[in-house]
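Colleague: The primary structure of each chain is shown beneath.
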Amino acid sequence: MAREETASIDLVDAETVRQLSAAVMLAALTAVLAQFSIDLPGGVPFSFQPFGVFVAGLLLGPVWGGFSISLYVIVGLAGAPVYSNAAAGLGYVLGPTGGFLAGFVVAVVVIGAVAHRSLTPTPISSLSVIPTAIALLAGLVVIYLIGLPWLATVNGWTLTRAASFMAPFVVGDLLKTAMTTGVVAGGTGLLADRR
Amino acid sequence: MLTYTPGSTLAHRLDPRTKLAFQFAFALVAFTASTAPQLFGVLVVGLGSLRLASVSIRAVLRAYRVVILILVLGPVVAAVTPGPPWLRLAPALISLRSVARIIPILFVSAAFIHSTPIRETRAAIQRTIPGRPGQLLGVGVGLTFRYVPVLRADLRTVRDAIRARNGDTRSLWERSQRLTVLLVDRALRRSDQLAVALQAHCFAWNPTLPRLQFSRLDIPVWLLSVGFVAVAVVDLLGL
Chain U
1 MAREETASID LVDAETVRQL SAAVMLAALT AVLAQFSIDL PGGVPFSFQP
51 FGVFVAGLLL GPVWGGFSIS LYVIVGLAGA PVYSNAAAGL GYVLGPTGGF
101 LAGFVVAVVV IGAVAHRSLT PTPISSLSVI PTAIALLAGL VVIYLIGLPW
151 LATVNGWTLT RAASFMAPFV VGDLLKTAMT TGVVAGGTGL LADRR
Chain C
1 MLTYTPGSTL AHRLDPRTKL AFQFAFALVA FTASTAPQLF GVLVVGLGSL
51 RLASVSIRAV LRAYRVVILI LVLGPVVAAV TPGPPWLRLA PALISLRSVA
101 RIIPILFVSA AFIHSTPIRE TRAAIQRTIP GRPGQLLGVG VGLTFRYVPV
151 LRADLRTVRD AIRARNGDTR SLWERSQRLT VLLVDRALRR SDQLAVALQA
201 HCFAWNPTLP RLQFSRLDIP VWLLSVGFVA VAVVDLLGL
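Which chain is which? The protein sequence lines are U and C, in order.
Under full-length UniProt numbering, think of the first position of the first sequence as 1, with each following residue one higher.
Under full-length UniProt numbering, think of the first position of the second sequence as 1, with each following residue one higher.
The set of hints was computed from the structure by calculation and includes no laboratory data.
Treat the hints loosely; a few may be bogus.
Stated by the list, open to error - Covered by chain U, per the in silico footprint, the following chain C stretches (three or more residues, Cβ under 8 Å): (1) 33-44; (2) 223-236.
What the hints assert, rightly or not - Non-contacting residues of chain C with respect to chain U, defined by C-beta distances greater than 12 Å in every case (computed): (3) Pro130; (4) Arg159; (5) Leu217.
To be verified - Label-pair distances were calculated between CB atoms; the ranges are: (6) U:Glu15 / C:Ala90: 56 to 66 Å; (7) C:Leu236 / U:Phe46: 37 to 47 Å; (8) U:Ala102 / C:Thr81: 23 to 33 Å.
Please read all numbers here as calculations on a predicted model, not as lab measurements.
From the three backbone atoms N, C-alpha and C, an ideal C-beta is built for every residue, glycine too.
Isolated chain C, as found in the complex:
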């Protein structure tokens, strides 16, 4: 599983807003890449991002194994035809070109995940999206991240309780209904408790945000991001 790992690599030292901007700019330029040199270029940048964040390709391939399996299947499925000649090269090449754009995006995404703690991303969201929507999204992201392990434990408890009562022998319909209802009921009870806790802690629209600061390191990454967007726009407009 690919998660944040503390470190002091160049990627770790960048401001999360810089990394978010770079990710989106890179995805944009990757989607407009169509020739072999362009695709090679985005692959080099993707691999470079992994290196700057000290993430191994093997870890990325393991983390995204299902996505990569579907991507690998892409050209194969595209090549197959239901009659003679059974396999056609042209659709497979079109598919391969589409699929080749996604792999570097996965690399950059993995570098971001490995080098950015959730609380920094939350602060970046809160600082970037203005007003109350940004505040709610920032708080929501932080709280959701906090509650996923709690609800996962609830799911285990519910599943064990059903199993202990010989629930595994019941029909799929009954098992699924019971599990969903019990889990939703627990989640809603936790939501009531969370609401009380937030109010007890004077949950406000104007909290003190975690500190974020750009450094000189961010400048070249921002310039690169702006360059990517410019290349993508030029390509999209056919200039």
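Okay, chain U solo, but in the shape it has when bound:
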């Protein structure tokens, strides 16, 4: 009898558990970083919003990275205040900046696919500077390709007007792609032995 009960439990395999745990942690990390900024000289805030997306794609690859950022979006949809400025809900996702959230989900898949050139992630220590930089830039392009038309549609603007409105943020985002490339491929030892 006891044997029958044990046999009816369908355990999740170790690899799936490992990937799920990492995806959960990077979704939570994205939520934390979305609400964190450090002050530049003059009091201008430097937001950490897309770092979680970049790291999820590079560490987990396209499949589990995509799953991780989807989790982040769904947790916010479910009501947890995980989006920028502690916002949440469907109203935020369908609002003017919601396209950038949708862009994150597609971008993480693109980053993972371009960086690893496979559905299965390779160890992060094997990623070199140029593929990493290309992957992150491709991800950034995807974020803006989805976010800008969305912003224009919701606010009833032309695409040019939406692009002018977002232009100042592009500089910061390019800086963030360079920093992430530096972290992952620039020889920092801490992450070298991970995944």
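Assemble chain C onto chain U, guided by the hints.
Modeller: Showing chain C alone in chain U's frame:
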């Protein structure tokens, strides 16, 4: 910050699946609204949702202040032109019409957040999405919600440690790199611990789900949701 607050309002007593369906149906019909009476209608439903969940408009405006600021800027930015006549009314009206659709969706969304605990939403996801993807998403949502405060505490620890070592005087580049690397390292260590804990607790594909049950209260909300979808489809097809 807008979060779940226990209560016994009508919205609190609805099944989470009903509330999710209503939210999506309402968003669909709001996006197809274009005339003034239609926009007024969706605004009334949005305000009604807030009332049924006992949420104040002030709390919603505070929670979504950045989104609302961008929405308010919408017609202003649309009106401005780089030459004479400097301001044009027609683009501002088009923008105002687009923006007016979003405010009621924010209201309904706030009513949902205020009246639905995360664990119920998780159960709704798990019951609605079939098979293993639904199971992984349900568990993932629950765990992510649990770990956000943990990683927020980690972030504070890392930031304080950097500050204590006079890290604030270093360049933006160095500070950002150090903080990101230390935080990712901590997150990955926690992920390893979580994986071990899940396996130790016999994490299975066929767990016992929290109980969800429809009641008579859900019927009118479902009918309304179906009505919204029908109106939206008719509008989209131009019938």
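Colleague: Next step is simple, just say for each hint if it's right about the structure.
Modeller: The hints, checked one at a time:
| no. | hint | result |
| --- | --- | --- |
| 1 | 33-44 | violated (count 0) |
| 2 | 223-236 | violated (count 0) |
| 3 | Pro130 | holds (15 Å) |
| 4 | Arg159 | violated (8 Å) |
| 5 | Leu217 | holds (20 Å) |
| 6 | U:Glu15 / C:Ala90: 56 to 66 Å | holds (58 Å) |
| 7 | C:Leu236 / U:Phe46: 37 to 47 Å | holds (42 Å) |
| 8 | U:Ala102 / C:Thr81: 23 to 33 Å | holds (30 Å) |
Checked against the numbered hints listed earlier, the structure breaks hints 1, 2 and 4; every other hint is satisfied.
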